[in-house]
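S.K.: Add chain B to chain A, keeping to what the hints say.
Chains as they are written, first to last, in the working numbering: chain A, 1081 to 1743; chain B, 18 to 257.
Please keep in mind that the hints were generated in silico from the structure rather than gathered at the bench.
Hints may be right or wrong, so weigh each one.
Unchecked claim - The following label-pair restraints were derived from C-beta to C-beta distances: (1) 1434/A - 153/B: 39 to 47 Å; (2) 1528/A - 184/B: 34 to 42 Å; (3) 247/B - 1516/A: 55 to 63 Å; (4) 153/B - 1400/A: 46 to 54 Å.
Cβ atoms here follow ideal geometry from the backbone N, Cα and C, with glycine treated the same way.
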Amino acid sequence: MKIRYADVLIIGGGLAGLRTAIGVKRRGLDPVVLSLVPAKRSHSAAAQGGMQASLGNCAMGQGDDEDVHFADTVRGSDWGCDQEVARMFVHTAPKAVRELDGWGVPWDRVRAGEHEAVVNAERVVIREQQRAHGLITARDFGGTRKWRTCYTSDGTGHAMLFTLGDRSVAEGVPVIERIEALALIHDAGRCHGAVVRDLVTGEISAFVARATCIASGGYGRIYKVSTNGIICEGTGMALALETGVAELGNMEAVQFHPTAIVPAGILTTEGCRGDGGLLRDVDGHRFMPDYEPEKKELASRDVVSRRMTEHMRRGKGVPSRYGDHLWLDITVLGRRHIEKNLREVKDICNHFLGIDPAEDWIPVRPTQHYSMGGIRTRPSGESTTLSGLFACGEAACWDLHGFNRLGGNSVAETVVAGMIVGESIADYCSGAGSDSDIPTALVRAFIDRERAGLEALMSGPGTESVVELRSEMERTMIEQVGIFRTGAELDAAVDTLRDLLRRSRDVGVRAPAVGANPELVSAYRLPKMLRVALCVALGARERTESRGAHFREDFPQRDDRNWLSRTLATWPNVGSDLPTLRHDPLDVMSMEMPPGFRGYGARDHADHPDTERRETEVAAVREAHGDADRFAIQQQLMPFAHLLPERYRGRNERLASTETEDV
Amino acid sequence: MSDARTLTFRILRHNPQDPASTPDLAEYQLDEAPGMTLFIALTEIRERFEPSLQFDFVCRAGICGSCGMLINGRPGLACRTLTTKLDSVITLAPLPVFKLIGDLSVDTGRWAREMAEQLETWVHRVDEPDVDRLEQRMEPERAEAVYELDRCIECGCCIAACGTARMREEFVGAAGINKLARFRLDPRDERSDADFYDLVGTDDGIFGCMSLLGCHDVCPKELPLQSQLAFIRRKMVRAV
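Bound conformation, chain A alone (with noise of 0.2 Å):
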């Protein structure tokens, strides 16, 4: 029995992993990683267009700052979020960017002067300040006031990685590939580290850390097509949720992005509208600003992908072999610009299409994309309910996103939280509460229950094919579990899933392979998907109204009465069929900013009793602080910065927006 003891146990090695450990690192503690994959390989890389920071560097830009940040974010989320969060966020995203910066990412920058640009289908120019020159510029976005996306062309979470994989080497942060959690050790509400297995050799063995942080990303892959890395199984939530202590929050709230490529599934950057791109149907013609007169191709994510399939069950779609599809129109932008800010873009195109973007429109379609919810934590990343668990990046909770995340949110979430959680990770092992006096009996039982598993699934009696249920799985997501939602199919899907996760029992591998063994992996993963797929169909289920990204046609409406609450699933019974859900009241009446109309979207919801009482006092403080500065305010509003860790506390430098331009 091999154990490895470490401080602090980070799974998974994608940015919020390596921006967790390199902070505990500098703390003087002694992290590990574990990666499915060489880290810098993480899905995290396939992140295009850009991270969302309130630098307001650039023309578009100028004006921004968080306060703005905070309310595009918070109105994207359908007021799902938890605002706390979502300030926190804001703050520190600036920060994140500029370490980024410090540490080597290329961020494209402001050039003065005049340069031309595509809004709204026209050629504008845009004069950039002498006094912003060479500072780091930023592009659109869907559902943002402000240019604010920040960018290396349109690779900007490989710089990302690559950067943050390096400078982990750097600091020596050691990161072990191709290696597997299996399953948490845990007892009496805390959690100990986990069972692993070697991807290469399958041997099976444990790590015991004081402090074990879940970054693993997101579940795409449940779905059958998703622009997710084939890694995104979602088995780092499952670990969390097969502890039956740890709650996993809000899992049906799943994103579509509206551009991934016809049929491949292959994603275009959200940049692609934001520098300019149009949506364009059968004939040609722009649908967009028929449906949302405002924001058009720039609408959040979720009412986009929504309008699209609304056009196409109207016969808009252009029929294919794949089943009906849009086109995503570029060429409006001109070659240099696709070959310049777009390339990756251009490549997919080119190599999985074979077209050029800059003649060709490119056949698109809504596709999953991206997991809201996860591991639910407390604004440290800490799990709500077992202590020594740690969650951060897509695979967490804490809630930033809500029920809809905004494009450039997410490579800004996981640095940011890495920067938080590393922190909180480092307090918490520098005092007592993080002592340990785990017994090896316990870790040894574990393992053996988890070894005793994967023997079963080896030389046991099954004679299910891991193949067939994980396809039926696929199938079953999107079609029923998908952008447009009704209770009868989510009770179709919610029976289905539960069928299958029996079946999964008697999944039996053919191929006594030695060492790594692929189908033995299906089959051990294949369980843990089916509970986070019950844990999405089944949330979906229970919450009868329509927020974000979660539609019901028969509930459309967004019911603030009865519904502004943030789901919570455990497996308390690792023998039972279903997750256990229940509903954790948001309060409004601590809210900075009461629930409201988006500015895009349907205009439908109900009010929550607060609301008003809220609007009033919220109303009232602004009164009586007008001449106060925008820090003042906020403070009274809603106070966070004690949330933060001291050292990200202090204030982000802008130029002076209010001084006028020299020349």
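M.R.: Chain B in isolation, oriented as in the chain A frame:
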């Protein structure tokens, strides 16, 4: 579709974890489907015929660099290779030079980490960035030039196509030299050419390159490896 081709895949198989395994070419046949990539084909082969077949994909979009392999003898990214661009007999083998994990899977991760350690591929500066203050300015053209070289995905194709790498186990290869050129160009990195010379001024560094330039021909990201190799060689000759 009655006129669909039948594709024959000849795949070099070997599992070093299994003492009984010996390297062997295995054959599988599939009906070609529209838009079929090697990712789709290999997944289908694994699901239908050979559940133990090992290969590496992550993004399946040509971004992450996981799936470098020899495709009809030439290093390339399998995920973005359409079968329509290949003959109906397709031979796949793992990238040479790297440690074999099994079948088409090789350990490029260890190589990449060793390269980072050896060449110290990070910005060297005395002061940590002050995250509350305005960032350091950079000329837009310079930032773009750095990004141009930053696009390397460390897929290992250039190493697999390199004559020197076959002879010198420690050779840093085009990926390494390109990376060094990237940091040399970065105004935030305070290292001098003398510092860079200490890292690559050897036969395992820039002076080992025989200028065969297989690297340049196969780079999936079309990085300007030829000019970077020549440029760094000239700079390093002058650095001492």
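S.K.: Hint by hint, work out which the structure violates, then give me just those numbers in ascending order.
M.R.: When the structure is compared with the hints, only number 2 turns out to be violated.
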